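Protein chains in written order, with my numbering: chain A, 1 to 242; chain B, 1 to 360.
Because the hints were derived from the structure by calculation, they are not lab data. Just so you know, these numbers come straight off a predicted model, no measurement behind them. Check before you lean on any hint, since a few could be wrong.
Stated by the list, open to error - Derived lysine-lysine pairs resembling BS3-like cross-links, with alpha carbons at most 30 Å apart: (1) 136/A - 341/B; (2) 4/B - 52/A; (3) 163/A - 52/A.
What the hints assert, rightly or not - Partial pick of chain A residues on the chain B-facing surface, computed with a CB cut under 10 Å: (4) 24; (5) 52; (6) 65; (7) 67; (8) 74; (9) 90; (10) 97; (11) 107; (12) 111; (13) 114; (14) 138; (15) 144; (16) 162; (17) 237.
Stated by the list, open to error - Simulated restraints, written as ranges between beta carbons of each label pair: (18) 71/A - 325/B: 33 to 43 Å; (19) 122/B - 114/A: 36 to 46 Å; (20) 150/B - 54/A: 52 to 62 Å.
Just so it is clear, CB atoms sit at the ideal spot from N, CA and C, and this is done for glycine as well.
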Amino acid sequence: MEQLQVTDLQVEFGGLRAVDGLSFSVQEGEILCLLGPNGAGKSTTLDLICGKTQPTDGSIQLNGVEISQMLEFRRARLGIGRKFQVPSVYKNLTVDENLSVARSRRPGMWNALTRLSLTDAREAASILDRVNLGAKRHEMAGNLSHGETQWLEIAMLIAQDSKLILMDEPTAGMTIQETERTAEIFRSLSDNHTLIVVEHDMSFVRTVADRIIVMNRGAMLAEGTIEEIEANEDVKTAYLGH
Amino acid sequence: MSSKFQYDLVALVIFALVVAFGVPAVMNYDGFELNTFARYLALAIVSMALSLSWGTAGLLNLGQAATFGMGSYAMAMHLKLRASDGLPDFMGWNNVETLPWLWVPFESLTFTLLAGLLVPAFIGGLIAIFMFRARIAGVFVAIITLAFLVAFQLLFINQQGLTGGQNGLTGLAQMSLFGWTVDPYSMGFYNLVAGCLVVALAFGVYLTHSKFGLILRAIREDADRARFFGYNVASYQTLVFCISAALAGWAGMLYTLVLEFASPTYMSVSFSLAIVIWCAVGGRESVIAAAFGAIVVNMLEGRLSDVFVEGWHLILGVIFVLVVMFMPRGIYGLLSDSVRKIRRIRRTRDQRGVETFPNT
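This is chain A alone, in the form it adopts within the complex:
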């Protein structure tokens, strides 16, 4: 079943069309990778889906519901989670507290008022073991290394448990082993989540992607499996510039 349907999406920033007439759809349980040279509009596409940026034209439908004009917290409640390119965790909160904030299945105030701050984090403790942060539960997130911060944000998205997760360069700054571990986590996530991943690491893309969309200048250049993309002449031209 189609979970996300993007049609003729367009956004303009002062005359520059960052995304120009983009259409694609994502199936439930799929891992879709967005590739493309710098400035192709990959991150902007994620911004448009999660509500950080408002589109100038076009439609975004999540399970048949039009979401392109919704506020971001409403989209999050409908099941869209986002990991940012620059890892954004709460540096002044502990790892546990970060997880507790992320675990937001009931984001209303009454629920928040009647619970202690860490009740939810404890429930989510097994997630921390999954990303090897179990020993750092009481550490301030600001004291984590870059790779650990990346994983904390991934852990937060697992805790948030969104149906559709948007990942912007999740393996940037990770070692090879960490990247492999991340790929494993992504594969197991895809059992009951849909993922859209922006990534430059081709070996990572090769391991996780079910399908790939290559973007260039805000539009779709090619779509297909990894083999089809690697054989595509247009893609080679776009990347190598001739």
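Guided by the hints, dock chain B onto chain A, whose structure is given.
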């Protein structure tokens, strides 16, 4: 239960014991001294109220004095009606013939107590909705609340027939609560104010350690990130503003009882800034520290103005400058930093001990 929560509970118990038993003993149960200290305790409530919105949620509310004044006037209106036969005296001087409709419900003590909490909460909430739905943050919150405070005080003073204008409301009766006439110079009254403060602090400690408090801290750090987790940031900010305003109103009601009059100076900019200073000196991250800051600064003010009749403002000013420069997180920050430092020194010493004597 986190260790921080345990520390806060211990601090709360110690604070409550000192305020309830220690202070009256030191004051020799002297009525005048107790009244003076009860005044500090009432101000401690408004300071802890500010620490909820400023310290926890990062919203610097410079209009706190307005909500404090609303509570103060609600109580004063009730006591004024009780003190006068029919029309309050100042209304006669202003050619007001009949009791204005706004005053009528204040005949009832129950209404007065509710209004003292809910009117500030409602008005605070109204401003908050406009600000936070428009995603106004940072210094602009301070500017808007300050502007509101100035406008509100001006309006209040201009409605002389209704509010007593510049003179405020004086010649008040004493409140009677369940048949008990509240004498502001009695031990019973001191206990009432101290009890109110402890209850307010317990509420504040719970709030800061609830998930609500955690989300507010998350919003303070990165509001957008919280939105992408599905939290309605504006409604969280609005609610904390309402709670803070209601607590300020509560403090205002007690303040009127202590001083036995209400004055428009309670809604002045300088009073609002003073609240910020108490909160900053104590430490805005902790409600208990903020309350402590209010008591310390006010005591200092009292003592300094006794000794240095001329220059005490200057001395106080220098102290504030020093606090901001050398302890930006207040007394609380100083304490928590030193606890952390001692722990780290102890840990490294333990480790070194293991290295030097591996066999012991």
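Check each numbered hint from earlier against the structure, then list the numbers of those it violates in ascending order.
2, 4, 6, 7, 15, 17, 19, 20
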